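*Asks:* If you read the protein sequences in the order shown, they are chains A and B.
Per full-length UniProt numbering, the first sequence starts with residue 1, numbered consecutively.
Per full-length UniProt numbering, the second sequence starts with residue 1, numbered consecutively.
The set of hints was computed from the structure by calculation and includes no laboratory data.
Fair warning: there could be bad hints in the mix.
[What the hints assert, rightly or not] Restricting the straight-line Cα-Cα distance to at most 35 Å, the calculated cross-link-like pairs of lysine-lysine (DSBU-like) are:
#, chain 1, residue 1, chain 2, residue 2
1, A, Lys25, A, Lys3
2, B, Lys81, A, Lys653
3, A, Lys653, A, Lys597
4, A, Lys71, B, Lys131
5, A, Lys450, B, Lys81
6, B, Lys130, A, Lys71
7, B, Lys10, A, Lys653
8, A, Lys105, B, Lys10
9, B, Lys60, A, Lys653
[Stated by the list, open to error] Here are some, though not all, of the chain B residues that point toward chain A, as calculated from beta-carbon distances under 10 Å:
#, residue
10, Lys51
11, Gly53
12, Lys56
13, Gly86
14, Gly90
15, Lys97
16, Val109
17, Gly114
18, Leu117
19, Ala118
20, Gln119
21, Ser122
Everything numeric in this text was worked out from a predicted model, so none of it was measured.
For each residue, glycine too, the CB sits at the ideal point set by N, CA and C.
As a plain string of letters, each chain reads:
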Amino acid sequence: MPKDHGIGAAQKRREDVRFLTGAGKYTDDINVYGQTYCHFLRSDVAHGKITSIDTSAAEAMPGVVRIFTGKDFEGIGGLPCGWQVTDKNGDPMQEPPHPVLAQGKVRHVGEPICAVVAETLEQARDAAEAIELEIEELPAVVDMRGALEGGSARVHDDLPGNLCYDWQFGSDTATVEAAFASAAHVTTLELVNNRLVANPMEPRVALAEYARAGDESTLYTTSQNPHVIRLLMGAFVLGIPEHKLRVVAPDVGGGFGTKIFHYAEEAFVTFAARQINRPVKWTSTRSEAFMSDAHGRDHVTKIELALDADNNFIGLRTDTLANMGAYLSTFASSVPTWLHGTLMAGNYKTPAIQVNVKAVFTNTVPVDAYRGAGRPEATFQLERLVDKAARELGVDPIKLRRQNFIDSFPYATPVAVEYDTGNYVATMDKLEEMIDIPGFAARRAESEAKGKLRGFGVNCYIEACGIAPSNLVGQLGARAGLYDAATVRVNATGSISVMVGAHSHGQGHETAFPQVVADMLGIDESMIEIVHGDTSKIPFGMGTYGSRSLAVCGSAMVRATEKIINKAKKIAAHLMEASAGDIELKDGMFTVAGTDKSVAWGDVTLAAYVPHNYPLTEIEPGLEETAFYDPANFTYPAGAYACEVEVDPETGKVTIERFAAADDFGNVVNPMIVEGQVHGGLAQGIGQALLETCVYDADGQLLSASYMDYAMPRASDVPFYKVDHSCATPCTHNPLGVKGCGEAGAIGSPPAVVNAVLDALNHAGHDVAHIDMPVSPHRVWQAMQG
Amino acid sequence: MQMSDTRVIKAPREVVWAAILNPEVLKACVPGCTELTGTAEEGFEATVVQKVGPVKATFKGMVTLSNMAEPETVTLSGEGKGGAAGFAKGGANVSFKEVEGGTELTYDVDAKVGGKLAQLGSRIIDGFAKKMADQFFTNLQDAVEGPAEPEDAPEAEGEAAAEGKKKGWFKRMVSG
Chain A
1 MPKDHGIGAA QKRREDVRFL TGAGKYTDDI NVYGQTYCHF LRSDVAHGKI
51 TSIDTSAAEA MPGVVRIFTG KDFEGIGGLP CGWQVTDKNG DPMQEPPHPV
101 LAQGKVRHVG EPICAVVAET LEQARDAAEA IELEIEELPA VVDMRGALEG
151 GSARVHDDLP GNLCYDWQFG SDTATVEAAF ASAAHVTTLE LVNNRLVANP
201 MEPRVALAEY ARAGDESTLY TTSQNPHVIR LLMGAFVLGI PEHKLRVVAP
251 DVGGGFGTKI FHYAEEAFVT FAARQINRPV KWTSTRSEAF MSDAHGRDHV
301 TKIELALDAD NNFIGLRTDT LANMGAYLST FASSVPTWLH GTLMAGNYKT
351 PAIQVNVKAV FTNTVPVDAY RGAGRPEATF QLERLVDKAA RELGVDPIKL
401 RRQNFIDSFP YATPVAVEYD TGNYVATMDK LEEMIDIPGF AARRAESEAK
451 GKLRGFGVNC YIEACGIAPS NLVGQLGARA GLYDAATVRV NATGSISVMV
501 GAHSHGQGHE TAFPQVVADM LGIDESMIEI VHGDTSKIPF GMGTYGSRSL
551 AVCGSAMVRA TEKIINKAKK IAAHLMEASA GDIELKDGMF TVAGTDKSVA
601 WGDVTLAAYV PHNYPLTEIE PGLEETAFYD PANFTYPAGA YACEVEVDPE
651 TGKVTIERFA AADDFGNVVN PMIVEGQVHG GLAQGIGQAL LETCVYDADG
701 QLLSASYMDY AMPRASDVPF YKVDHSCATP CTHNPLGVKG CGEAGAIGSP
751 PAVVNAVLDA LNHAGHDVAH IDMPVSPHRV WQAMQG
Chain B
1 MQMSDTRVIK APREVVWAAI LNPEVLKACV PGCTELTGTA EEGFEATVVQ
51 KVGPVKATFK GMVTLSNMAE PETVTLSGEG KGGAAGFAKG GANVSFKEVE
101 GGTELTYDVD AKVGGKLAQL GSRIIDGFAK KMADQFFTNL QDAVEGPAEP
151 EDAPEAEGEA AAEGKKKGWF KRMVSG
C-alpha cells in the first residue's frame, strides 16, 4: 500500500487547485491605486556610445509622468555581483560597473537606456518612440576567442582583452602533466555548450510602491529569493535599510535560475516610485525577456582524458571559455568556476584533474545560472569525452564507466569537494534494467527495417546541491551566507503556519513541506500552511536555487519543529503532571510513557496560548520557533541516464524513442513531485540537446528572440520517460537525508541524447566524433555527409 | 546580408543615371516611400513604411550618395530608424554599363538590420531585402521605360499597371 500521509506520500499538489483554475496571484495580477506604467527604451545596437538623449518632445506627450535616463542614476550604486572569483594569479576578477540605466555607453542589445513612466502603458510606449536618441555604433565583441585578442574592441573601455578572470583549479600542472605523459591513450574533445534562454512561462514583472508617511518601499517582483533581492537592492543599489523595504515574490510562474538575480528593472521601479511618489509597474514582454533575462550556459571547452593501458582514467584537463555577457549578473562569476570546476570528477576516481576557465565579457546579454548552472556544462564535457574514449578504444561505454566508478564513500575528489555518499553501481544496474539493453538489438533491427538508424546513449552525472556551507563558500568568494531559515508558528487551536526562506515557483513546497512537519508531529497535513515569498512575513532565508530548498530550508524547518516538539512536551508534562523526559508524541497525542495518560496536540497548543494552567516561571507562553540551518556539506545527487534515438538518414531528424533516468536523490518526501521535477528537467535537457540555441550575429544582434526562431521543446518532442529514484543513499549530513532533485533532469540528459545520436551514426558507418548541440536535423545531416 | 544582381534598362546610360539621382524618381521607386526630399549632392531625407514579417514600422532616415563617377558608378548608403521596430541600414554600389539596347545596372547591396527587426525578422530578412531590391529596380525600369505590357503583369499588380500612365514619365520627360 503506498503511503498517503507524511514523508514518502505521493500527495497531490495543493497549490495546483489555484494554478489550474486561474486563481493564482502572480505579480502582474497585482494592481495598486494610482499605479503608473513603465516602459524601457532599450538599445537596439550591441555596442555604442550614447552621444545624445533628448527627451523634451517625449516629456510633452500625453500621460507622461516622468522620463528617467542614466543621469538620474549618477551616484547611485550599480547592480552588484554576489561572488568574487580570484584568478590564478591571485587577483580579484574584473568587476566593471553595471548601471541600472546605461551610462554613456550601451553594451548589449536590450540594455535599458531610458525609462518612461506614464499613466498608461500605451502612453509610455508612445512617448518612448518620441525620445531622440543618438548612438554612435562601435564594433561589437561577440566571439569569445576574438574578444581575448589584444586588438579586439573593448566591452569595457578600461579592460583590454575583455577578460573577467583566468581561473585555474584542481591538481597542480606538474601532476596533471605527469598523468598525461604516462598515458596509454589520450582522448581529446572540443565542444560548445550552447547558449540558452531560460524562458519561464511567466515573464519578469516588477511593481513598486512608496509610502512617504513612513518612508517605506514595497517591491512586488518575480523572484526566487525575495530576501536576497531586498538585501542586494537595499544595501548596494538604492541605500534603503531592510526595515524600510519589503520585497514580495507572490506566485511565480517558473524561474529556472533566471529569476534568482537582481535586475535593473526591479531597482528602477523601486527608485522611480520614491521619486514620483506613485506606484510604478513594469511587465516584461516576451521580446524583452529574450534580451534582458540572464541567459544560460555558453561555454566553449577543450577537454582531454588520459587513460592507462587498462583503461583506467588517470588524468583530466579542461580549458573553457565562459561567456559572461556585457556585465556580471548576480552569480555569473560562480557558475563556470565553483559550480562547474568542482564537479569535473563526475562519478569517476580520476586522480589528477585540472580545470582552466577564462571568463570573457562580450556585447551580449549577461549570462548566469540556468537550471543546473555549471553542473550541466561539467557533465556534458565529461560524459561526451568518456563516450568518445570508449569508441576510440573499442570498449563498451557502460563497462568503461563502471570500471572507473568511485566505489567507496566518503570520497574526496581532486577538485575540492567530498562526496558523502552514493552508489553509482546501483543506479547503473537499475538503468540497464529500465532501458532493457538485451532488447536493443531487436529494436535497432526494427528501426532499420523502417529505413531509420537507431542509437543508444548512456551517461552518468553527479551534482552538488543543497547550496551551501557558508564558511566554505565564503572562502571561495561568495559574498553571502547560504543557510536558510524557517519559523514554525503553532496557532492556539493547533493549526500551523510555517514561514520559510525558500520560495516555491513550481517546486510544490506548499505540498511537500507540510508532509515533513505533519510526519514529525503526527497531525494531518491540512492543518499546516506554508508561507513564503514575503520579506515582511518570513525569516531571512536565501531562497530557492541549486536544488537546495528541502535540503537546506527543509532542514531548518525540521530543526524548528524539533524545538516545537521539545517545548510542547514540557507543556504536556505540566498538564499531565509528569516529567518532560517521559513524554512521547505519536499520532498527534502526547502520552506519558508506560501509562494511559494522554493529552491531544490541540490541548497543548491551546494551553500555550491560554496559559491558565501553565508553568509560566519555567517556559514562555506561545508556541513559535525559528531555526537557521547551515549545511555541513553540499549534497551529491547522482544517477545514470539512457536514451534511444531514431535518426532519419534522409533528413537528419532525431526522434527520442526511449528515455530512462535512474536517480539517487537520497530520501524522498513526495515521489510524485520528484518525478515531476525530473520530467521537467529532462524536457529542458532534451530541449538543449535537440532544439534550443540562442544566436547572435557578428554585429551582436540577437537573432533568436522569439518562439519563431528559438525552438522550445514541445510535448511531441519528448518520449514517455521511465524514471526511478529507488536507489537511494540518504545524505549523511542533513536531518532528512535528502539531496535535491530539481536540476538532475537538465544536467543528466543532454549527453545521453548526443551520445545516442553519435551511436546511431557511427553504427551506420558514419565516422562522426562529435556534433554540437542542438543536434538539429541540419547538423546531423551535414555530419552524415562528412 | 549581401546580394547582387544585374538588370538591363532600355534607355541610354545618361537617362538611367539621371533617373537614379532624381528625388521624384527615387520616391516613386523605393517601395513604401511616403516622403523623400533633398538632392543628390546634399543627400535625401526619406520616410518609408514597410512591414517585415510581423514588424510594421515607419522608417525615417538619410540616404547619401557618394563615390559618384558620372555616369558609371555611384554608392548609395542610408540608415533608417524605425523606432520600436529597430533599424535598417545598408549601402548599394551601383554601376552603369552601356550594352546593346540600353544600360546594364549592376548592384551589390549590403544591408543590416537591428533591434526588433533582427530579433523577429532575421529568418525572412534576406528574402525581404531581395524583394525590396527587385521592386526598386522594377519600379525604376517602369519609370524609365514605361510599364511592362499589361498581360505580362501579375494580377496583383493590376492596380499599379492601371496607373501605368504615371510611370514612364521620366523617360517621356527626358526624351521630350
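*Asks:* What are the numbers of the hints the structure violates, in ascending order?
*Replies:* 2, 3, 4, 5, 6, 7, 8, 9, 10, 12, 14, 15 and 16
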